[in-house]
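When we follow full-length UniProt numbering, the leftmost residue of the sequence shown carries the number 1, and every step to the right adds one.
Don't read these hints as lab results, they were simulated from the structure.
Taking lysine-lysine and the DSS-like style, the derived pairs with C-alpha atoms no more than 27 Å apart in a straight line are:
hint : residue 1 : residue 2
1    : LYS104    : LYS257
2    : LYS140    : LYS126
3    : LYS233    : LYS323
4    : LYS155    : LYS135
5    : LYS155    : LYS103
6    : LYS100    : LYS277
7    : LYS104    : LYS285
8    : LYS309    : LYS319
9    : LYS342    : LYS323
10   : LYS126    : LYS155
11   : LYS274    : LYS285
12   : LYS155    : LYS257
Restraint-style ranges between C-beta atoms, simulated for each label pair:
hint : residue 1 : residue 2 : range
13   : HIS62     : HIS137    : 24 to 34 Å
14   : PRO12     : GLU58     : 34 to 44 Å
15   : GLU58     : PHE165    : 43 to 53 Å
16   : VAL4      : VAL28     : 32 to 42 Å
17   : ASP186    : GLU258    : 23 to 33 Å
18   : MET225    : ASN166    : 27 to 37 Å
19   : LYS169    : PRO138    : 20 to 30 Å
20   : LYS35     : GLU6      : 27 to 37 Å
21   : LYS104    : ASN166    : 17 to 27 Å
22   : PRO20     : SER55     : 39 to 49 Å
23   : PHE165    : VAL47     : 36 to 46 Å
24   : GLU58     : ARG171    : 48 to 58 Å
25   : HIS137    : LYS104    : 15 to 25 Å
26   : TYR179    : GLU279    : 16 to 26 Å
Model, not experiment: these values are computed from the prediction. For every residue, glycine included, the Cβ atom is placed at its ideal position computed from N, Cα and C.
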Amino acid sequence: MAQVVEVKVVPPPLPQSWTPPESTSKSVSPLVERKLLPAGPAYLAHVRRTVHNLSFEEHDKHAEEERKRLEALDGNGGIEDDLGVGDEAETEELLSLDPKEWKKQDHYAVLGLSHLRYKATGAQIKIAHRKKVLKHHPDKKAGAAGDSNDDAFFKCIQKAHEVLFNAEKRRQFDSVDPYYSLIEDDVPTASQVTKAKDPVKAFFKGFGPVFEREARFSKVQPVPMLGDVDAPKEAVEGFYDFWYNFDSWRSFEYLDKEVNEGSDSRDDKRYTEKKNKSERARRKKEDTARLRNIVDTALSLDPRIKRIKEEEKAAREAKRKAKTGGAATTAAEKAKQEEEKKKAEEAAKKDEEEKVRWSIVLHCSWHELNLPLVRRGLRPRKQRRLLRTRERRREELNVQRRKGRRTFYPCPVVLCVMHMDMSVFPPLR
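Model the full structure from these sequences, guided by the hints.
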């Protein structure tokens with residue numbers, strides 16, 4: 001603490017034998033102008049005292065309080081932002097962890113990152129590890145009674161930092177994170193959603209966090225989320241298309257069994273590796289089936305799917321109505337069109353019958369002319385059979401004539417065009 005004291009002392013006179021020392025320099029250096037800048041800790045302290053109207057005692061007291069506050073934030077007294085790491089409480093169970101069973105420990109909890117977990121960045125992991133080392137280093141515990149050799153938790157801290165600071169090892173641990181393994185099966189069932197007071201709200205509230213948890217395993221980023229009830233058709237279809245083709249990086253090497261210590265047998269190592277490989281494949285298959293079941297359940301309960309189907313049905317119905325005549329075509333216009341079409345068909349049919357009535361040409365012999373072409377009482381089918389028989393006979397005679405055979409005709413062949421009542425015949429095609 002600086003303090004000004006005025007001392008009233010009269011210095012003694014110089015002795016008579018004293019002589020001034022001779023100058024060692026031959027000449028005095030020339031004068032040079034220099035510009036002095038107000039800077040430095042002393043000047044800043046002077047400015048603070050002047051601006052805040054503080055005395056030396058008040059200024060020193062304030063500086064001491066600030067120093068203690070910075071030491072509380074950082075062990076080295078420096079200024080450092082912990083990036084949201086904070087200080088988590090350490091339970092007795094956490095402090096009593098066995099470093100030999102490091103695979104069973106929660107590395108995020110050991111470093112005080114339980115609130116961040118897979119979202120923690122490399123810088124946050126580094127800061128958390130530094131805080132734990134400053135707090136639990138064996139050198140700091142050496143002076144404590146009964147804790148001189150208690151460095152087990154410090155070894156757990158070092159192992160947690162080794163796993164989480166390595167990208168590959170951290171990914172293996174994140175695949176089997178014990179915190180998420182406990183809530184992995186916490187997925188809403190169909191009965192829970194349908195029996196809820198508000199099924200729509202229950203669906204989005206229940207399945208939203210589930211897909212957010214599973215999204216961390218995706219190789220493709222960003223991952224489409226569930227959205228809300230007003231999501232358009234394209235967003236809903238894109239969401240389910242992504243999750244039905246989900247590409248996951250999740251693996252289960254972290255759960256591999258280690259080879260027995262002290263065993264140098266190659267057979268044991270190969271057998272252990274074979275068992276680990278089959279177990280990894282089994283767990284991967286089960287995880288894929290589990291995720292597919294979640295997506296199937298969400299698809300069956302999604303209220304947006306029902307809305308989309310209703311919209312598509314309404315669009316198809318509107319298109320069908322527009323194709324058959326649209327809203328402009330009235331019932332009277334349809335009836336008029338059908339009547340005109342019917343009249344046109346009847347007129348065409350009548351004209352065709354009139355043409356056929358005069359177009360029957362029969363080639364027959366004289367004795368065949370004496371037979372009535374149309375016999376009363378015969379059905380139309382028999383009458384047509386009679387005509388076909390006469391036509392076949394004519395073809396046979398033509399074939400014999402082309403072959404050069406002599407054929408006796410009882411009478412000359414004549415061409416006869418007969419007018420018949422064609423109402424008994426159907427129209428010829």
